[in-house]
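Asker: In case you want the letters, here they are:
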Amino acid sequence: MSANGKRTPLYERHVALGAKIVDFAGWAMPVTYDGLIAEHQRVRSRAGLFDVSHMGELVFAGTGATATLDHLATNDVAGLHDGKVLYTALCNEDGGVRDDALVYRMSATQYVLVVNASNTAKIAAWSRDHLQPDTTMHDVSAATALLALQGPESTRILSQSKVIGALAGKLGGLDYYEFTFGEVDGVPMVVSRTGYTGERGYEIYLSPERAGDLWDELMTLGRGHGLGPAGLGARDTLRFEVGFCLYGNELEEDISPLEAGIGWTVKLRKPKFLGKGALERQKSNGLPRTLVGIEVQERAIARHGFEVVAGGRVVGQVTSGTWSPSLERSLGLALVQTAAAGGPLAVRIRGRDVPVQVVPIPFRKPLSRA
Amino acid sequence: MAEVPKDLKYTEQHEWVHISDDGTEATVGITDFAQGELGDIVYVELPEEGAALEQMESFGTIEAVKTVEDLYAPLSGEVLEVNHLLTDKPTLINESPYDEGWIVRIRIDKPGEAATLLSADEYRERIAEGA
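Line by line, the protein sequences are chains V and S. Just so we're aligned: 35 in this note's numbering is position 35 of the first sequence, and the numbers increase by one with no gaps anywhere. Just so we're aligned: 1125 in this note's numbering is position 125 of the second sequence, and the numbers increase by one with no gaps anywhere.
Read the hints as simulated data drawn from the structure, not as lab findings. In this text, a Cβ means the ideal position worked out from N, Cα and C, and glycines have one as well. Any given hint might turn out to be false.
[What the hints assert, rightly or not] The following residues of chain S were derived to be distant from chain V, with all beta-carbon distances above 12 Å:
no., residue
1, V1017
2, H1018
3, E1025
4, E1063
5, D1070
6, E1100
7, R1105
8, A1115
9, L1118
10, R1124
[Stated by the list, open to error] Here are some chain S residues pointing at chain V (derived, C-beta under 8 Å):
no., residue
11, D1040
12, V1042
13, Y1043
14, P1047
Sequences are here, hints too, so could you generate the full structure?
Answerer: Rendered as structure tokens:
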């Protein structure tokens, strides 16, 4: 089975493993290999290996790089230290989210901004329009592969890797949202303790020519550790359970980071950044909408885009909803009018208003922050 | 490659139909290909026993983690029995689509409708084209 779209350097391996391939943001990506729930459980209990090479990487360099990124990002880029990663929103002037991204500080004059595949071209163009003096920006996405090794066994597996060379010996010193980088046989690599699953894990950035070697090596090393490949389907249910936002679902150009529950990434004390004025006004006037967790009270799933109703009136929409493999419940995230956020709420499922209970986000505590 | 047993009839909606030897009853489920496309099934909404179905009428839904699909009656008739095991163990459809994962048994009202169903060879061609 195949799909049109750009192929990552690991495409043939996914096909050989029997993956179901789907189009995702213009990329032919593996959505599942041997079953979404099995892949999900594997990451929670042992380890899973993801190909996320579709993600975009933008390198900002020069003495103006810090000022540029601090202007683009809602979070405090200027406060970052070398070797640290920062999660941030990137907002438009109205305070809506252009993308959510990771900022890697390599040095005071070099950063990597990691953006969603669907937004790479948009953010690259927008960044160029907002470059501060003495700054360059290069889109290195095509020259960068990205593997995510996630799960409680991930350190034991990755520390045996030869492909990542001397970086394997530095894993023990990495805290959550820290990274190490260097050249291995003349090829630059970055290893960070990050991920999108809520489990202990790593993301490894390297050149496409080395991606196959690393994939094969980790699959072999992982054999005794319960490792298996995991697709975008499991990536979505894993991130959903721990309350991580997904661009295109919880985050959009017309949804603010405050509404989406990632207000902790918005540092209004910064002198200026794109969208600051609108976000300040929203904060002082009160949020028009709020993201709430919902649990469906019947045997049905409230899916992305379904209407949320209160007293027969539409008060919002489901942003993500699925069966939760870890909690074994039908759960959802919904963006609703703040006045209605306390409930009672229902979701319109195939023409019927099915009651839902408002429950706290995240549904499961992400272990990686513990 | 998805399994397509020779002795069954099929629909364009990826259901299989087993017609009893005397031609009065039909057992219905979804095909191996369909369960593979849906992935892990988490809920099956079943009709009431005794419900009267028209051919092509939606009579239930299958919710998988990633997607939801309607079930369509392959033949007109009364629902004689539903597979209640699916309520607690919907993954029976994933594990055993042609046997333990059967969905409903119908009393055939209009035997002539059976002529509209696909043979195993015809269905195999359909999924080869569509896949």
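Asker: Go through the hint on S/P1047 and say holds or violated, using the shortest Cβ distance to chain V against 8 Å.
Answerer: violated, 14 Å
Asker: Decide, holds or violated, for the assertion that all CB atoms of chain V are farther than 12 Å from the CB of S/H1018.
Answerer: Check passes; 26 Å lies beyond 12 Å.
Asker: Please verify that the nearest CB of chain V lies beyond 12 Å from S/E1100's CB.
Answerer: It holds; S/E1100 is separated from chain V by about 18 Å at its closest Cβ, greater than 12 Å.
Asker: Checking the smallest CB distance to chain V, is S/E1063 really beyond 12 Å?
Answerer: violated, 5 Å
Asker: Can we confirm that no CB of chain V comes within 12 Å of the CB of S/E1025?
Answerer: Consistent with the label, S/E1025 stays out of reach of chain V, its closest Cβ about 27 Å off (over 12 Å).
Asker: Checking the smallest CB distance to chain V, is S/A1115 really beyond 12 Å?
Answerer: holds, 32 Å
Asker: Taking 12 Å as the cut and beta carbons as the points, is S/R1124 off the interface with chain V?
Answerer: At about 16 Å from chain V, S/R1124 clears the 12 Å cut-off, so the statement holds.
Asker: Can S/D1040 be said to touch chain V, with a Cβ gap under 8 Å?
Answerer: At 5 Å from the nearest chain V Cβ, S/D1040 passes the 8 Å test, so the hint holds.
Asker: S/R1105: least C-beta distance to chain V exceeds 12 Å?
Answerer: holds, 22 Å
Asker: Hold the hint about S/V1042 up to the distance rule: shortest CB distance to chain V must be less than 8 Å.
Answerer: holds, 4 Å
Asker: Please settle this one: S/L1118 was flagged as non-interface, so is its CB more than 12 Å from every CB on chain V?
Answerer: Holds: least Cβ distance 21 Å, greater than 12 Å.
Asker: Beyond 12 Å from every chain V Cβ: check whether that's true for S/V1017.
Answerer: Since the minimum Cβ distance to chain V is about 25 Å, S/V1017 lies beyond 12 Å and the statement holds.
Against the hints set out earlier in the document, violations occur for numbers 4, 5 and 14.
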